[in-house]
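First to last, the sequence lines map onto chains A and U. The opening position of the first sequence corresponds to residue 1 in this note's numbering, with each subsequent residue numbered one higher. The opening position of the second sequence corresponds to residue 318 in this note's numbering, with each subsequent residue numbered one higher.
Since the hints were made in silico from the structure, they are not lab data. Quantities reported herein were computed from a predicted structural model and do not represent experimental measurements. The beta carbon of each residue, even a glycine, is placed where N, CA and C say it ideally should be. You may find that some hints are simply not true.
Stated by the list, open to error - If the Cβ cut is set under 10 Å, some of the chain U residues that face chain A in the computed set are:
hint, residue
1, Q367
2, I376
3, Q380
4, E451
5, C587
6, F589
7, P640
To be verified - Which bits of chain A does chain U cover? Going by a derived footprint, with three or more residues having C-beta under 8 Å, they are:
hint, segment
8, 29 to 37
9, 155 to 161
10, 200 to 212
11, 263 to 275
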Amino acid sequence: MHVLTNEIRRIARDLLKSKEVDLVIGFEQGTMHLRSTPCFVRDAADADRLVWDDFCQNNLAAYVAKREGSTAIVAKGCDTRALVELIKENRISREQLVIIGVPCEGMVDSARIETELDHGAIREVFKENGELVVKGINSERRFNREAFLYESCKRCRQRNPVIYDKLVGSEVKTSGDDSFQDIEAFEDLPTEERWTYFSKEMDKCIRCYACRNACPLCYCQECFVDFSSPQWIGKSVDLSDTGLFHLMRAFHLAGRCVECGACERACPIGVDIGKLNRKLCKDVQELFGYQAGTSLEEVAPLSTYRLDDPENFMFEL
Amino acid sequence: MKTKTIKKKNIPGFLDRLIKECTVYAPVKRDDNVFFDTIQSGGEAFLEYQNSKVPPKNILLPQTETLFQYSQKEGSVDVRVPSDDREEQVIFGLRPCDAKGFLLLDRVFGGDRPDPYYKSRRAKTVLVSMGCTEPGCSCFCLSLGGGPVSADGSDILLIDIGDEYVMQVYSDKGTSLLEGKGLDDAEEDKLKIAAESVKKAEDHMGPGLEIGGLKERLDEVFDDPVWVSLTEKCLGCGVCTYLCPTCYCFDMCDESFVADGKRIRVWDSCQFPLFTLQASGFNPRSTVKERYRQRIMHKFSYLLDDQDMLGCVGCGRCVKECPVNLDIRQVLTALSKVDSRE
Numbered sequence: 001m002h003v004l005t006n007e008i009r010r011i012a013r014d015l016l017k018s019k020e021v022d023l024v025i026g027f028e029q030g031t032m033h034l035r036s037t038p039c040f041v042r043d044a045a046d047a048d049r050l051v052w053d054d055f056c057q058n059n060l061a062a063y064v065a066k067r068e069g070s071t072a073i074v075a076k077g078c079d080t081r082a083l084v085e086l087i088k089e090n091r092i093s094r095e096q097l098v099i100i101g102v103p104c105e106g107m108v109d110s111a112r113i114e115t116e117l118d119h120g121a122i123r124e125v126f127k128e129n130g131e132l133v134v135k136g137i138n139s140e141r142r143f144n145r146e147a148f149l150y151e152s153c154k155r156c157r158q159r160n161p162v163i164y165d166k167l168v169g170s171e172v173k174t175s176g177d178d179s180f181q182d183i184e185a186f187e188d189l190p191t192e193e194r195w196t197y198f199s200k201e202m203d204k205c206i207r208c209y210a211c212r213n214a215c216p217l218c219y220c221q222e223c224f225v226d227f228s229s230p231q232w233i234g235k236s237v238d239l240s241d242t243g244l245f246h247l248m249r250a251f252h253l254a255g256r257c258v259e260c261g262a263c264e265r266a267c268p269i270g271v272d273i274g275k276l277n278r279k280l281c282k283d284v285q286e287l288f289g290y291q292a293g294t295s296l297e298e299v300a301p302l303s304t305y306r307l308d309d310p311e312n313f314m315f316e317l
Numbered sequence: 318m319k320t321k322t323i324k325k326k327n328i329p330g331f332l333d334r335l336i337k338e339c340t341v342y343a344p345v346k347r348d349d350n351v352f353f354d355t356i357q358s359g360g361e362a363f364l365e366y367q368n369s370k371v372p373p374k375n376i377l378l379p380q381t382e383t384l385f386q387y388s389q390k391e392g393s394v395d396v397r398v399p400s401d402d403r404e405e406q407v408i409f410g411l412r413p414c415d416a417k418g419f420l421l422l423d424r425v426f427g428g429d430r431p432d433p434y435y436k437s438r439r440a441k442t443v444l445v446s447m448g449c450t451e452p453g454c455s456c457f458c459l460s461l462g463g464g465p466v467s468a469d470g471s472d473i474l475l476i477d478i479g480d481e482y483v484m485q486v487y488s489d490k491g492t493s494l495l496e497g498k499g500l501d502d503a504e505e506d507k508l509k510i511a512a513e514s515v516k517k518a519e520d521h522m523g524p525g526l527e528i529g530g531l532k533e534r535l536d537e538v539f540d541d542p543v544w545v546s547l548t549e550k551c552l553g554c555g556v557c558t559y560l561c562p563t564c565y566c567f568d569m570c571d572e573s574f575v576a577d578g579k580r581i582r583v584w585d586s587c588q589f590p591l592f593t594l595q596a597s598g599f600n601p602r603s604t605v606k607e608r609y610r611q612r613i614m615h616k617f618s619y620l621l622d623d624q625d626m627l628g629c630v631g632c633g634r635c636v637k638e639c640p641v642n643l644d645i646r647q648v649l650t651a652l653s654k655v656d657s658r659e
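Make the full structure from the sequences, and use the hints.
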C-alpha cells in the first residue's frame with residue numbers, strides 16, 4: 001500500500017466524523033489492474049476505501065462544481081490548478097471546499113503499459129524496487145515507473161498542490177520542465193504538414209466527448225455541440241465537424257487550460273488533443289505572462305484588459 | 318458442421334486469395350491501437366490482438382452515412398439515393414463477442430421493417446471470427462451466454478490449436494467462402510485439441526457476473542435511489558455507447574447548402590443530453606443518472622421485451638475504455654443486491 005493512502009484515509013475519516021464536510025472525493029481501487037477510480041465517501045466508516053497509487057489519473061476537480069454542502073477533495077498539483085481556475089470563475093466557493101493536497105510524483109500511463117504487453121491479459125501487478133511488475137498468464141514484465149508516466153506528467157511544472165488545506169506527506173521536487181519545445185518545433189513545420197497532422201488526428205475522433213466531459217474547465221451548462229436550434233455544428237464525423245469541435249473547444253479553453261492532460265487520458269482513440277491546447281497555453285504565457293491555475297490572485301487574461309496588452313494582431317490599412 | 322484446418326503461417330496467403338474475390342476487413346494496427354479496416358494484402362492483418370478499439374459494427378452501421386441527397390432545380394426536387402455498389406465482403410478475425418453483437422443489429426435493422434442500407438450490406442457480408450485464447454480482464458462474455466470461443470453469429474469460427482487453426486463452418490456463406498481454397502478437413506485429433514483449447518480459454522475468463530433474475534430486479538429498482546450513487550462518477554460521455562458492439566441508436570439530420578443537401582444518419586448516444594431533449598425544452602432524462610439508467614435498462618430489460626435478446630455481449634469495451642472505470646459488471650451486481658422492499 002502506498003504510504004500516503006493511510007494519511008488520506010485518516011484525514012477523510014476525521015473530516016467526515018467532525019462533520020466538517022459531507023463528502024470526500026478521492027480515489028479507490030478500480031476494477032482492473034493498473035486502474036484507480038474516482039470515489040465518493042460520505043460515511044467515515046467508508047474512508048478505508050480511499051487509496052493513493054500510481055493510477056489516480058482522473059482530474060477530480062471535474063466533480064466539484066456547483067455542489068451543495070461542503071466537500072473535501074483529494075487533489076494533485078494539476079487538480080488544484082483546476083480548482084484555482086474554478087474558484088476564480090465562481091464555479092465553486094473556496095469556503096465550501098477542503099482541499100486535501102497530495103504532492104504527486106506523476107501518474108503511470110496504463111494504456112502504454114498495456115500496449116507494451118500487446119494488450120495481453122494482466123493477472124497481477126505489484127511494485128518492487130521502484131519498478132512496476134506486471135504478470136500475465138505466462139509472462140512477467142518490469143516497467144520503470146518514470147519512463148511510463150503520462151507525457152503531461154513528465155512535463156508537469158506543478159506537482160505540488162498550489163492551494164490546500166491539508167497536505168498529505170511532504171512536497172516533492174517539481175522536476176518537470178515545460179519549455180514548449182515540441183510546440184515550437186511543430187510551429188516551424190510548413191503549413192501543409194501541420195494541416196496534414198491535424199487532419200489525421202481529428203479524423204480519428206469519434207465524437208464521444210470524453211475529452212470535454214473529463215475536462216474540469218469544460219463545464220458549460222450547454223455545450224455548443226449540444227445545441228439543436230441553432231445547430232452550430234454538424235453531427236457527422238467528417239473532418240469539417242470533428243475539426244470544428246476540437247478547435248472551438250481549444251479556443252474556449254484558451255488561458256484556462258491547466259495542462260492536466262485529462263482530455264488526452266479520457267480519449268479512447270488517442271487523438272492528440274494536447275497539441276492545440278498546449279499551443280494556446282504557450283501563446284497565453286508569451287503574450288500575457290499567464291499560466292492558468294497557478295495563482296488565486298492573478299486575474300485571468302481573457303477576463304480583463306490592460307492598456308499595454310499586445311496588439312500585434314492589429315494593423316493599419 | 319464442416320471443419321477445416323489452416324496453418325497460421327498460411328493465413329496471409331489465404332487472405333490474399335480472399336482479397337482477389339472480395340473486400341476483406343481485418344484487424345490492423347494503427348499507432349498503438351487495433352482497428353478494423355480493409356486490407357490490400359494478407360500481411361496487413363494483425364491477428365495477435367485482444368480486441369479492436371472500435372467494434373466492427375461500423376462496417377455495417379457507419380458512424381456517418383448519407384441516406385439520400387437532394388437538389389432543387391427549377392421548381393422540382395431531384396432526390397438521389399446512393400446505390401450500394403460494394404462487393405461481397407468478409408470481416409476476418411473479429412472476436413466472437415462482436416460477431417454475436419451483429420445478431421442484435423440484425424433483429425433491429427432487419428426485423429419487420431428492415432433498413433435497406435444495413436440489410437443490403439449485411440447480405441453481402443461473411444463473418445469469420447477468431448476465438449480468444451486469453452480473454453482480457455474486462456471480458457465477461459461467458460456470463461451472458463456467449464463465450465471466448467462461441468460461434469454465435471459467425472459464419473466461420475477459427476479456433477487456435479497452436480501452429481494452426483481449426484475452422485468450424487456454420488453457414489452456407491461460410492461453406493462457399495472456403496470452396497476451392499484447398500483446405501484440409503480437420504482430423505479427429507485436431508478437433509480434440511480444439512475442444513481443449515476452448516475449455517482452456519473459458520478457464521482463463523476473469524470474474525463473471527450473475528444475471529439470473531436480473532431483468533425482474535431491474536424492473537423493480539427503476540426508482541431506487543441507488544442509481545444516484547452508482548452513477549455519481551459517470552462523466553456523461555459517449556465512450557461506452559460508441560464503443561459498444563450492440564448500441565445502435567442513431568440520429569438523422571439534414572445538411573443543406575442553398576438548394577442542395579443531404580440527409581445523413583449518424584450514431585447517437587443515450588448518454589448525451591440532446592438525445593432526449595424535446596422541442597418544448599423539457600428533457601425527460603435531464604441528468605447522468607437517468608441517462609445511465611436508460612443504458613442499463615435498455616440492454617438488460619427493454620431489449621428482452623422487444624427482441625428477446627440482451628443488448629450486451631460482454632466484450633468489456635465499456636469497462637476498459639470508460640475514462641473513470643465505471644464498470645457495468647459492478648453496477649449490475651450492485652443492482653441485483655438492492656432490497657427494493659425497504
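The hints, checked one at a time:
Given the 10 Å rule on beta carbons, the hint for Q367 of chain U holds: about 4 Å separates it from the nearest Cβ of chain A. For the restraint placing I376 of chain U at the interface with chain A, the shortest Cβ-Cβ distance is roughly 14 Å, beyond the 10 Å limit, so the hint is violated. Given hint, Q380 of chain U at the interface with chain A, holds; its Cβ is 5 Å from that chain's nearest Cβ, closer than 10 Å. This hint holds: E451 of chain U has a C-beta 5 Å from the nearest C-beta of chain A, less than the 10 Å allowed.
A cut of 10 Å between beta carbons decides the hint on C587 of chain U: the least distance to chain A is about 13 Å, and the hint is violated. With a cut of 10 Å, the hint placing F589 of chain U at the interface with chain A holds, because the nearest CB-to-CB distance is about 7 Å. Hint status for P640 of chain U: holds, given a least beta-carbon distance of 4 Å to chain A, under 10 Å. Counting residues of the segment 29 to 37 of chain A whose C-beta lies closer than 8 Å to any C-beta of chain U gives 7; at least three are required, and the coverage claim holds.
Given as covered by chain U, the segment 155 to 161 of chain A fails the check, having 0 residues with a CB less than 8 Å from a CB of that chain where 3 are the minimum. Counting residues of the segment 200 to 212 of chain A whose beta carbon lies closer than 8 Å to any beta carbon of chain U gives 6, which meets the minimum of three for the stated coverage. Counting residues of the segment 263 to 275 of chain A whose beta-carbon sits less than 8 Å from any beta-carbon of chain U gives 5, enough to reach three: the coverage restraint holds.
Comparing the model with each numbered hint stated earlier shows that hints 2, 5 and 9 do not hold.
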